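Student: Protein chains in written order, with the numbering used here: chain L, 379 to 771; chain P, 379 to 771; chain Y, 379 to 771.
Because the hints were derived from the structure by calculation, they are not lab data.
Predicted model, so just to flag it, every value in this text is computed and none were measured.
Take these hints with a grain of salt, some might be off.
Which copy? The list can't say, so a pair holds if one copy fits it or any two copies do.
Claimed, not checked - In the DSSO-like style, the derived pairs of lysine-lysine whose C-alpha atoms are separated by at most 30 Å in a straight line are:
#1 Lys630 x Lys737
#2 Lys679 x Lys556
#3 Lys521 x Lys630
#4 Lys737 x Lys629
#5 Lys768 x Lys556
#6 Lys738 x Lys629
#7 Lys768 x Lys596
#8 Lys738 x Lys630
#9 Lys629 x Lys768
#10 Lys737 x Lys679
#11 Lys768 x Lys630
#12 Lys737 x Lys556
#13 Lys679 x Lys630
#14 Lys679 x Lys738
#15 Lys630 x Lys556
#16 Lys679 x Lys629
#17 Lys521 x Lys737
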Amino acid sequence: MDTLNIPYVVDTFFLLFASVLIILMVPGFAMLEAGLVRTKNVVAVLTGNVMLYAITSFIFLLWGFNVMFGGNGFFLSGVVADGYSLYAYFFFQMAFVSKTVSIMSGGVSERIRIVPFMIFAVLMSGFIYPIVGNTIWGGGFLKEVHDLAGSTVIHSVGGWALLAGILVLGARRGRYGKEGQVRAIPASNIPLVTLGGMLLWIGWFGFNGGSAFHIATKDAADLVGLIIVNTNTAGLAGAISAAFIVYFQYKKLDITMILNGALGGLVAITAGADVVGLWEPIIIGAIGGALVIFAIPVFDKLQIDDPVGALSVHLVNGIWGTLAVALFADFSLLTQLKGIILTGLFTFPLSYVLFVIIKKVVGLRSDEEHEYVGLDLEECGLEGYPEFVKSKV
Amino acid sequence: MDTLNIPYVVDTFFLLFASVLIILMVPGFAMLEAGLVRTKNVVAVLTGNVMLYAITSFIFLLWGFNVMFGGNGFFLSGVVADGYSLYAYFFFQMAFVSKTVSIMSGGVSERIRIVPFMIFAVLMSGFIYPIVGNTIWGGGFLKEVHDLAGSTVIHSVGGWALLAGILVLGARRGRYGKEGQVRAIPASNIPLVTLGGMLLWIGWFGFNGGSAFHIATKDAADLVGLIIVNTNTAGLAGAISAAFIVYFQYKKLDITMILNGALGGLVAITAGADVVGLWEPIIIGAIGGALVIFAIPVFDKLQIDDPVGALSVHLVNGIWGTLAVALFADFSLLTQLKGIILTGLFTFPLSYVLFVIIKKVVGLRSDEEHEYVGLDLEECGLEGYPEFVKSKV
Amino acid sequence: MDTLNIPYVVDTFFLLFASVLIILMVPGFAMLEAGLVRTKNVVAVLTGNVMLYAITSFIFLLWGFNVMFGGNGFFLSGVVADGYSLYAYFFFQMAFVSKTVSIMSGGVSERIRIVPFMIFAVLMSGFIYPIVGNTIWGGGFLKEVHDLAGSTVIHSVGGWALLAGILVLGARRGRYGKEGQVRAIPASNIPLVTLGGMLLWIGWFGFNGGSAFHIATKDAADLVGLIIVNTNTAGLAGAISAAFIVYFQYKKLDITMILNGALGGLVAITAGADVVGLWEPIIIGAIGGALVIFAIPVFDKLQIDDPVGALSVHLVNGIWGTLAVALFADFSLLTQLKGIILTGLFTFPLSYVLFVIIKKVVGLRSDEEHEYVGLDLEECGLEGYPEFVKSKV
């Protein structure tokens, strides 16, 4: 028996376990977004989510992982894993990468065509994300920024790219009236939204917990336990704070807002779940949930049309979570700010330019007629629920 | 390398794994119940389930865990974990607490308002459940009762409180005719019911398996294996026995009854999965499934209106499972009975009084008009499936 | 502390973890198939899936496991586990068995009656599958065939039995016109299809990863990591290749084809994920995805009516995957072919005869009227979505 390798084994097993939880977020995002859009665009959103996972994982296997973690060439070569299987390390990191684009997928939904979005996904997973990731997690010049599981590296990056995408795409036709009125477009399937939200919440335990990378010493096991508890606490604080706010505003418990509040809290704790105690995540998460509720109408006021509230969840809270590390633990506010700002300055303009180029070269947006009847038939040749009679939307 | 801590590490990892499975039961209950109610009440049920998880976990973090396991003050302080991370121990126990109220949520659905139910959830997770739990699992005066994962502590407690809630609330309008006829109200979404039922079944492996608390010795690993196999066996025996009974009664394989039968079997094995061999769970589970099928019409005869059959699943089988420990393994029937009866005598009247007080102070039940059009718009401001044309129900 | 047992413990834990992932495939198949059939047959498909899991697991507990792995008598007696808990070994193997019939369940859907299908499930899990399994995995005369997790043992066996079932059953009424035209019957619920497909994908990590049986040495941990990465790679390659083909054929990204392509890639890597490097799964999976797309119209040309494409996914790719082991790793093509052919020669005629006998004795197929109105009301007494108004199909 090679006892000496037990920590290697246990850490490898732990990373594989965490990876599987993260991959549960693929159906999580798919269900959340499919439930939030209208029935006529459900298939396009689902197809996007599945293809995003396939394509970004593929690119990351080919070269993205190597770019991000100092390898050479392709297929993991030259990357060194720190006391666990390189395959498990790759799998864990690969599970992250589709999230940067899944984050965007709901926000650009109901008008983006799938193929151009997939082209962006290739660029994101092959270049933008590995480059940002390298500077913070790969030992690059922002390695002092404390970002446990990616409030900045994952969520802000996805959020900035989404903002660029929405600006290039424009709003859905009919979303904003001539005098700037916002036309409400209700979510089409609330059970799917709930299922998706809860799968994301559960996946987050792997996301943040796994980012400790080690569990095989007493201290490491305690740290993983703390991270997972704190992750959950911030999620529930986000849900409760969002629930209070919407209840006092409208006397209604809007579950889409409550779940977005929970997700906001989860994004917010993602940078610092390992460096705060048990009560701080209550504050961090509650502010995260509140930020979602307050940010959504602001984006609408600016006519930045985000059908699922992804900017408020991921961009706003990615920034808040990265700052919170400095406010609630002993880290430099300046360093955290530097991470936030430089990441934005790199990701947003680059994404904007890439979206403009994609738009010029292959087109980005569905035409008016297909947007009106829904993208599903044009893009996928299928309807989401062909047998159910639909009311006019 | 600190080899000596490997069991600590492995047990911590194991508890975290089990906890994640249990938290899968949150979407499990949500989907099951959302599928069993009518479309007009789907959002209220989903919102309740998500908020229940958030609120009860929060209370348990604040003080419930401390009350239950002999801590002092708040936030885990003073609780001692037995050879694994305190955070993992808390997380595992926290994963249990929302179940006591999730159990109730389907049974009071289609007429309870969300906010008063949440008030009850606070009282349940902050007082009733930790007190009962302390007497049996926390070293209190019922510590001789053998109840592995809570046939009594979780399922009966939730069941008694549900019975109290239903009696205070009353039946759904139109459910019982003037001559006591029962009007059938069909489940609205069978795929959701199936998904939810299977997620609960899978979550149960963590529920019961994790209740061994240790896996890091050969004997402990065998015990966990046995518990998980037995849990599954009782579930399938419950499903098969329910299927046989409904098939011989009606020549129809009613999946809602089959899944409730499986859940009945799972509840029944929850007290004793660790102390019986491989064949006993077949009997225990089959009787559990049969009890569900026979109990459902009895409650209806008594005009106790339980839209999802939760009393038959959780209360009846919570009692049966606790008794079965004495019948199939070497435990005192008297002690088991004492646990069952004292738990009921504590939980039922207290819950009844609390529901009456909540009803007086803030109201409990939706008014007639909102019950007729469905709770979703009034309580949540949303419809579950706004685009699908509905037939009259 | 008994250090010496840590590998026993970790391998046991690992097998339990893998088993739970595999059991997630039960709702996975259920959702996939329920989404692919018409709404009028949804409940029958769901009921079949749940009952299949219950019945086949039960038979396997009673005697199937003993037949397959050289035990004597019943209930695991006489089977020896290799360095992990016998219970975990049983649970893992039990998690496999329902898959052989779940594979079939979509293919025979929309016209098979549930009870006769359950009779076949008993015969499959009690005899056909344990016998084939014994010859390859139980040390029998085909033990030289390399089939890691069952491209042949699970997928071809299920596929051959399905082919027999479809031939005995015949096509759905109205599926093929007088001149052999194929009438398209669209999937009824694409979110369920997507959810089910992704749950299957995720479950596959347990399926293939767990088939290493050990993780508790450095080499074993690396092997498990490699298997899981390769499994994922073949799945995404199958999805991408299917997407390319359907896009170039029809300019539409048909998600049902893309997911079937992913599943085809996953089946194809199931035999050899442990014996190839990181790039081979791209080829194996991409061919797997392409085979699905090209095989589906072939079966339709032959008027072999398979509503969900299960023959193309499981039978065609089960064969392809078993061959691929010899093409991409150092194994005998002849031996692999022998495994494929003998398995087919055993399973197909035997299943055919059994289906014919079941048809004679208890009947197999729904009558014309019930097929027209849907099986749900006749077989289960329920509708899948009773409140949604349906368009004529």
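Student: State for each hint whether it applies.
Tutor: Hint by hint, here is what the structure shows:
Proximity of Lys630 to Lys737 under the C-alpha cut-off of 30 Å is restricted to the inter-copy arrangement: shortest distance 19 Å between copies versus 41 Å within a copy. Taking the shortest Cα distances, Lys679 and Lys556 sit within 30 Å of each other inside one copy (13 Å), while across copies they are farther apart (55 Å). Neither within a single protomer nor between protomers do Lys521 and Lys630 lie at most 30 Å apart by alpha-carbon distance, with minima of 44 Å and 43 Å respectively. Taking CA atoms no more than 30 Å apart as the test, Lys737 paired with Lys629 passes between copies only; the shortest distance there is 19 Å, against 43 Å inside one copy.
Taking the closest pair of Cα atoms, Lys768 and Lys556 come within 30 Å of each other only inside a single copy of the chain (28 Å); across copies the shortest separation is 33 Å, beyond that limit. In this assembly of identical chains, the alpha carbons of Lys738 and Lys629 lie at most 30 Å apart only when taken from different copies (20 Å versus 46 Å within one copy). Taking identical chains as interchangeable, the C-alpha atoms of Lys768 and Lys596 are never at most 30 Å apart, the minima being 57 Å within one chain and 56 Å between chains. When the C-alpha separation of Lys738 and Lys630 is checked against a cutoff of 30 Å, the pair qualifies only between copies, where the shortest distance is 21 Å, while the shortest distance within a copy is 44 Å.
In the homo-oligomer, the alpha carbons of Lys629 and Lys768 lie at most 30 Å apart both inside one protomer (29 Å) and across protomers (26 Å), since each shortest distance falls under that limit. Taking the shortest alpha-carbon separations for Lys737 and Lys679, only the intra-copy value of 25 Å comes in at or below 30 Å, while the best inter-copy value is 41 Å. With identical chains, the CA atoms of Lys768 and Lys630 are at most 30 Å apart both within one copy (26 Å) and between copies (23 Å). Within a single copy, Lys737 and Lys556 get their C-alpha atoms as close as 26 Å, which meets the 30 Å cut-off; across copies the closest is 47 Å, which misses it.
Within a single copy, Lys679 and Lys630 get their C-alpha atoms as close as 22 Å, which meets the 30 Å cut-off; across copies the closest is 35 Å, which misses it. Taking the closest pair of Cα atoms, Lys679 and Lys738 come within 30 Å of each other only inside a single copy of the chain (28 Å); across copies the shortest separation is 43 Å, beyond that limit. In this assembly of identical chains, Lys630 and Lys556 lie within 30 Å of each other by CA distance solely inside one copy; the values are 29 Å within and 35 Å between copies. For a Cα distance limit of 30 Å, the shortest separation of Lys679 from Lys629 inside one copy, 23 Å, qualifies, whereas the shortest one across copies, 37 Å, does not.
Proximity of Lys521 and Lys737 under a CA criterion of 30 Å is satisfied in neither setting, with 34 Å inside one chain copy and 56 Å between copies.
Consistency with the previously given hints fails for numbers 3, 7 and 17, ordered from lowest to highest.
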